[in-house]
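Asker: Here's the letter readout for the chains.
2 protein chains.
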Amino acid sequence: MNKKTIGVALLGCGNVGSGTFRVLTENAGIIAKRAGADVRVKAILVRDLCKDRDAGIPKDLLTDDFSAILDNPEIDIVAELMGGLEPAVSYMKQALQAGKHVVSANKAALARSGEELTKNAGAQGLMLRYEAAVCGAIPVMNAISTALAANEITGIRGILNGTTNYILTRMDEDNAPYAAVLKDAQDKGFAEADPTGDVEGHDAANKLTLLIAAGFGRYIRPDDIEREGITGVTEDDLRKAAAENAKIKLVATAVREKDGIRARVRPEFLPADHPLSSVRNEFNAVLISCNMADDIFLQGRGAGPLPTGSAVAGDILEIAACIARGTEKNALPTWRLQ
Amino acid sequence: MNKKTIGVALLGCGNVGSGTFRVLTENAGIIAKRAGADVRVKAILVRDLCKDRDAGIPKDLLTDDFSAILDNPEIDIVAELMGGLEPAVSYMKQALQAGKHVVSANKAALARSGEELTKNAGAQGLMLRYEAAVCGAIPVMNAISTALAANEITGIRGILNGTTNYILTRMDEDNAPYAAVLKDAQDKGFAEADPTGDVEGHDAANKLTLLIAAGFGRYIRPDDIEREGITGVTEDDLRKAAAENAKIKLVATAVREKDGIRARVRPEFLPADHPLSSVRNEFNAVLISCNMADDIFLQGRGAGPLPTGSAVAGDILEIAACIARGTEKNALPTWRLQ
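Line by line, the protein sequences give chains H and D. The working numbering puts the first residue of the first sequence at 1, with every later residue one more than the last. The working numbering puts the first residue of the second sequence at 1001, with every later residue one more than the last.
These are calculated hints, taken from the structure and not from any lab test. Keep in mind that this is a model prediction, so the values were computed, not measured. Treat the hints loosely; a few may be bogus.
Unchecked claim - List time: in silico BS3-like cross-link candidates among lysine-lysine, alpha-carbon distance up to 25 Å:
(1) K1033/D to K258/H
(2) K119/H to K1004/D
(3) K1004/D to K1051/D
One chain only, chain H, in its complex shape (with noise of 0.2 Å):
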């Protein structure tokens, strides 16, 4: 079935869906030629239909009823935008038992449920990109799964987490103790009321989760993964880092070993002649080790509504391109199935 029109559904309009949302119609002119379809949202999901939205969200597109994205024949694309376990799993599963593609920003879920998710889509033909879990704009997913597959993995370290290297930076670069970095941070809006999720390493573990699956083809639960977050980091910490002229970072790393892949989140000192060491604030950066391609390091913007958005859109322009194309079931699963 060749398409003139491509429908997408955002669930979610919050941070990321209004980003996406702002991608998919600024952009739209480019989209429509590389997909070789329009690309047009037809439905934005949300839970409180009253409350205020970002100026460009026509109204008219809001809905509360996930049933009629589900029934609505003209949307061939469901982007998942919700963030948190559920209902989120639930309604990527059946968005796919719904015929529809699935794209996704949520790591915690994938990071979960993406096994099962991607035997989901494959058994129905369809398929689950989520560039945008991962590094936000970095087209890290994208590298490991296809430009970089002909390689075996032998490593992975990344900082995967903009608000603790954030915090670790200010705290390096101004002399500040953490707790006060903290406020400011939240402050501004670069952290969390609560940001357990953040500083104690579970959000760079779900991402580590979703990179070993794709690069190394395991699974090994964000809660297997060897974990210490940032709480601990003193400036004391830092001044010796420092006097050593190196920095002190939350790193991710997946490597493999005779016995399988050993994987932690920890904070670790890198010399400064280290790719990661140079990373400031609150981007995030991938050094991908591979056996014959040798180091590939890729860094950028982690999170925020449009470079978020650009990674959703990114996807959803690919499997666009597939559907006007009537190729689809083509891409190259990101979570690699043993």
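Go by the hints and put chain D onto chain H.
Answerer: What follows is chain D alone, placed relative to chain H:
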């Protein structure tokens, strides 16, 4: 047509050809799993059947008869790894005409004939991919063509030539004059006996043409790119830069301006905090500025048999995966046609 074995012909058995052969054979298990089919080299085109080859190259694969490759129905993909303009361009055209998908690492040929070859491929429903032609193992063409495709690209800046970056780095760090470093680079195999193509910026201009076609959808001939090489860079220039905590790098730049794309290759002062300034020796890097994703920085090995072979094999793998799934014609063309 779903196939269980995908046949590949390599045109050329030099550095890139033998590197590609090694990637395809040593990583054959990984590639088969990802592609969903075995990928087998069925023939390697060489000029001289009697020349000594890498020990790993099976003699029975060598042929000097291109028409036998065209006529072989077991060959699905032709990888052009010969370099130079002719017969490379004619061979790619003939391969497409014979219904073979084409992969190439040949920046000079693609910078001149990429648009025509892309049209030929499109008309035949075939894929033309050339990740390896720009910055070897760095997945930059892939990032621009797919993950970042929903963006308007506003600028591209890169260190696209490893030889000149090696020379400038050694001049800077060893306080050595151009001529001595060039000779050392030639002795080590990092520079060719006639270094003109590298040191005068022609190689970087070829790659910039390919980045512009992918990122901006415009064709600017390499000869129309403002170009200055590194032969005029003196030790004194580097000392002055160092005094300002800056580096001198051969930078290829393409920026979107009101009246079109402005493109140039020239030595530039880069302050210490510019991401390109820390790219040392033979490494390549590209900074892609996007209207939604902001800046994405990619760094890695831009040359060498295995890194380049990794990129060629990645392209072959993606095409093989499409053939195996019976979903050819799916790929977004790397060269963005207007």
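Asker: So, for every hint listed, does it hold in this structure?
Answerer: Against the structure, the hints:
1. Taking the CA atoms of K1033/D and K258/H, the gap is near 21 Å; set against the 25 Å cutoff, the hint holds.
2. The hinted pair formed by K119/H and K1004/D meets the criterion: a straight-line CA distance of about 21 Å does not exceed 25 Å.
3. This hinted pair does not check out: K1004/D and K1051/D have alpha carbons roughly 33 Å apart, beyond 25 Å.
Figure legend: structure checked against the earlier numbered hints; the only hint not met is number 3.
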